[in-house]
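Protein sequences appear in the order of chains A and B.
Take the first sequence: its position 18, counting from 1, is numbered 18 in the working numbering, and each next residue is one higher.
Take the second sequence: its position 17, counting from 1, is numbered 1017 in the working numbering, and each next residue is one higher.
Please keep in mind that the hints were generated in silico from the structure rather than gathered at the bench.
Just so we're clear, the structure is a prediction, and the values are computed from it rather than from any experiment.
Heads up, a few of these hints could be off.
As the list claims (entries may be wrong) - Distance condition first, Cα-Cα at most 25 Å in a straight line; then the derived SDA-like pairs of lysine to any residue:
1. B:K1577 - A:D12
2. B:K1178 - A:P193
3. B:K1116 - B:A1171
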Amino acid sequence: MPADAHLRSRLDRLRRERAADARAAAARAERAGETDPHIRQAVAAVFAAADAYGPPQPVWAGTGPLDAASLARRMARGLDGDPVETAHGWYVRRELRPVYMPLDRRRLSGLPMMPPPGAPLVCLDTETTGLGSAAGTVAFLIGLAHWDCAHLRLVQLFLPDHSTEPALLAALAAEIRPGSWLVTYNGRSFDWPLIETRLRMNGRPQIPLGGHLDLLHLVRRVFRHRLPDARLQTVEHALLRRRRAPDIPASEIPAAYHSFLRGGPVEPLRVVARHNVEDVVTLGRILAHLERGYGAGPARHWAPAGDLIGLARLYRHEGKAVLAAHLLGIASEGLAAGQPGAAQATVELARLLRREGRDVEAGLTWARLVEVDGPLAAVGWIELAKEREHRQRDLPGAWEATDSALLKLYSCHNNGQALLRRRLEADLARRRARLARRLDRAGLGA
Amino acid sequence: MRYYEPADVETALARAMAEPSLAGGVLHHAQMPARPADLRPMPGWLDPRLVSALAGRGIESLYAHQAEALEAVRAGEDVVVVTPTASGKSLCYLLPTLQALAEDPTARALYLFPTKALGQDQVAELGELTRAARLAINSSTYDGDTPAPIRSAIRSAGQIVVTNPDMLHAAILPHHTKWFQLFEQLRIVVVDELHTYRGLFGSHVANVLRRLLRVCAHYGSRPVIVCCSATIGNPAELATALTGRQPRLIDRNGAPSGARHVLLAQPPLLDPATGARGSALTLATRWALPFLRAGRQTLVFGRSRMGVELMLSTLREALLLGDGPRSRVRGYRGGYLPTERRAVERGLREGELLGVVCTNALELGVDVGQLDVAVLAGYPGSIAATWQQMGRAGRRQGTSVAVLIAGGGPVDRYVVEHPEFLLQSPPEEARLDPDNLHVLLAHLKAAVFELPFEPGERFGPGEAAPLLAFLAEEGLVRRASDQRWYWSSDNFPASAVSLRAAAQENVIIIDTTPDRPRVIGEIDIFAAQTLVHEDAIYIHESIQYHVHRLDWDERKAYVRRVDVDHYTDAERAVTLKPLEEFARARVPGGELAHGEVMVSSLVSMFKKLKFGTDENLGWGPVHLPEIELQTAACWVMPGRAAEGWRRADLDVALIGAGRAMQAVAAVLLMVDPRDLGLVSQVRSPHYQTPTIYLYEAVPGGVGLSERLFERYGELVEGATDLIAACDCQAGCPACTGPRLEPEVDARQLALRLLRAMAAASPGSLPATGAPGAPPAA
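Could you build all of it, start to finish, from the sequences and the hints given here?
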């Protein structure tokens, strides 16, 4: 068939071109006098591969692929798991020693976003062949931690071959009891849409959930103010004070799996599995940390004010203004002592109280802020000025508060928010002018 | 005398024909009578809400083509509708879609438009119709401008999704699982402006559609495909190549049209010795003036951006006289910003603008309403494009005028001297090569990513297995133990391919004259090489700018306003190297081959030319990197025919014969002459023998060179005729190309070579050689 021969000859030329490109790149690296042994090794491999392409060979007639059963067995051996054969094919299941993790579920459920105390909890984290949840990305490892009274029961499900994905997904569906709450980190945007994609690709029914707690959202709102970023490992280190054993960079995980599928070593996957276990257990640890440090009880009085502000915002978002006010009250306790965040908490508390129509308490809270005379006192004075001008009709009092606010703004030059300050100053100047007119009209004079 | 006296089109034409300098250049004047509408009753099965909505817009019956399309789509047939501009084409797909949705609200439709703007226009029209019909139908554009929260609503509830091939390729297909509601219920796919899907872009889109149909099959749907096209020669063939299915051709236009005058004209002969003629641009502006002065809306089409600017300046200057409607004449071309363009389109539609000088940027589906007069300065390169541009003038009632003025090239001359070519022969064919290897491989990757390949599954021309095996060697796919092929790489293949390779590489033009520099336009890198190199005079809206810096890596050109009496013209040097021969054949006097080549384009100098006289005022160097193009070519090595020649004579003969062959090839294959490039070598560094290459201007080619290889006999015969029939004495731009050395008779030399090449058996087709046959010694 000439068309076919034509295609083959063109493909062969493409092969030669690519080999030549790789060779040229390797030659450049060699000329550059590379000393790193890894790179030297990689360069040698490129030369070997380029040479191997010399005469074009028919490749698609090559050796048969490794079959799913032997891949599953090899994977299971290397990972201390069990190869499981099902009607849908093979998967590898690995159970680990449970991790002790007591949780007061009732206390936990009092926190915002949290699952009800009776719902089964499953922490889930996947390792995948790429980023995003587009159709060509596969979850090859699904790590699960079932919370079981005082323990996390750990299960990992591995995919030994592309073809047996239905078996993996069936096993996953069996693991997630009806009504379960899923606990993930960025699972709302990544892990779970990916699982849904995989189920759809394989024509399987979707797995119903009782709810889905994505800890990334909570961490961002509660802890982000004192973390350099919101990555899980940062949280682990900065919040839970845990240090990980040498780990595999996330970007190298897909390659480890692809290389195994092509007959490569299984060892890199051990590192991936360990990484996955750490991630899953960390999810449980974050829950425990939240329950102990922020659940109802005396412990939250020691929590940083910024964390409590974040939690209060989440409560408010859920319409629980009383709980939010309570947390802000705790956070503002350190106002007199000048604790960081306490002034901000006081501002938010006063605003919340006013929104709730608790004007008297709001006024008292503003007064408290002004009394302490911290950097946010200006905000307090501005609010008091509004209060006195519009509600109490106390024009001289409003004038006085306006001047105090201006002075306060003027005295704390270096708070870094020049733009905001300029805007506030302009607002105050207008207010002052208006008050002067009204005072004149009232015959009070300034 | 009154310069500006309102008049109807006929009167204005009579005034123009009364001027000897205009009438004298007219070679042919055709009159096309008005044509009544061919109407059909509304089909009885059409939803009464739709019938009353149409009645509300004054539509009581359908045009023949609309009725035919409606019935065919209802019967589940794919169709391709080919009728001229403004014939009510969009109802051909709107009505079947709305009918399907009225019958079953869970049904879905996907509309593809080549550009975002056209898609958004369409959604507006769709909205009007559904509102009038009181149908609660959810139609939305899904493109780069769609905000994220709306996107997920469109995915789950959009009944008519309007998008472009680029979004389908990069955002919808790779995420098909999130679009399952669309794919499960997809009934109708609309491909509007089919004729724009040609060349490389078309080849890409054909593969995107392959992927679309593959995903539909996965979800168990088999949508009907409705293609709509402007007039081209091979709509059914193009639709088949693009969709991989055989549609029913609907080309019986039932819409009425007014009477039309078509005039073919050429500029006066200035010098019989050199064959030099006056400028087509000048004549075009002179033709436009009587109509503008009569208050008739007129479009003047130029072939180049430079030409547009020159004509715009001339017209505005002419309208200065007697305080004419100078500001009602505007320019329009690629390189103007979208807001500027929208303003011009609106101005034309609303009648506020009288004249627009434009490039073919205005020919594509842009809605400017129907105008009175179209003047074409130069043959646009194809019959289809000519009719598209001429079709811009023409109302359903009332007379319109179209004037085609020949430019300097041989193709132009041929067209105006042979009116039957334009008026009677079918318009050219649009070509694409969906099996272009680079394109095919790129989309195969995306296709495996989307769904694994079954053993024996086909993709495009044949079984996908050999190509998949190649991708497996590259470490991108893997054959699993169920023998299916799976994507196995952490790359996202769709993001690595742009359907319009050139579009991303635009050079931004920044005017630094005002205090705050502003962007005045952008152009592609090939054009940038010759138009905005350093020290070029760049003309925009008839204002001259001097390019003082070109930052090639950043793709930015910095310009400043100037007022000088010259313009610049950069010369492109093209070199060519064959990479692989696909076939070779023995032909009279030598050998013929086609295959893959590497073309390098380098601009190294420019000339400064005085306005009006084109007098050479000097030159300057251009320092820009070479641009490479890997493409397909057909080449001839006139071995024996070129024996015993003086080297200098042979050089002239090769160029002359090559130019004529290039012109004839464009006519033979009915493509734009700019789709084919020419390189001639007295001694090819590759073959060590004289060679003439005709290469395709599109990366990878779209199959033109193979057709040239097959029709070589006609090519030589046609080139011989073209030169022999020319009026000039020793070669001219209309046959052998611009004369390089005045004392050499290029005409006679080229003819001698061509006759030697046709000697043995004139007009016979070459035998097809075996692929990759070794070059003859």
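Straight-line Cα separation of B:K1577 and A:D12 no greater than 25 Å? Roughly 19 Å separates the two Cα atoms, so the pair holds.
Hinted pair B:K1178 and A:P193, Cα distance within 25 Å: holds (9 Å)
Please work out if B:K1116 and B:A1171 have their alpha carbons no farther apart than 25 Å. With Cα atoms ~14 Å apart, B:K1116 and B:A1171 stay inside 25 Å; holds.
Violation of the numbered hints given earlier is absent; every hint is satisfied by the structure.
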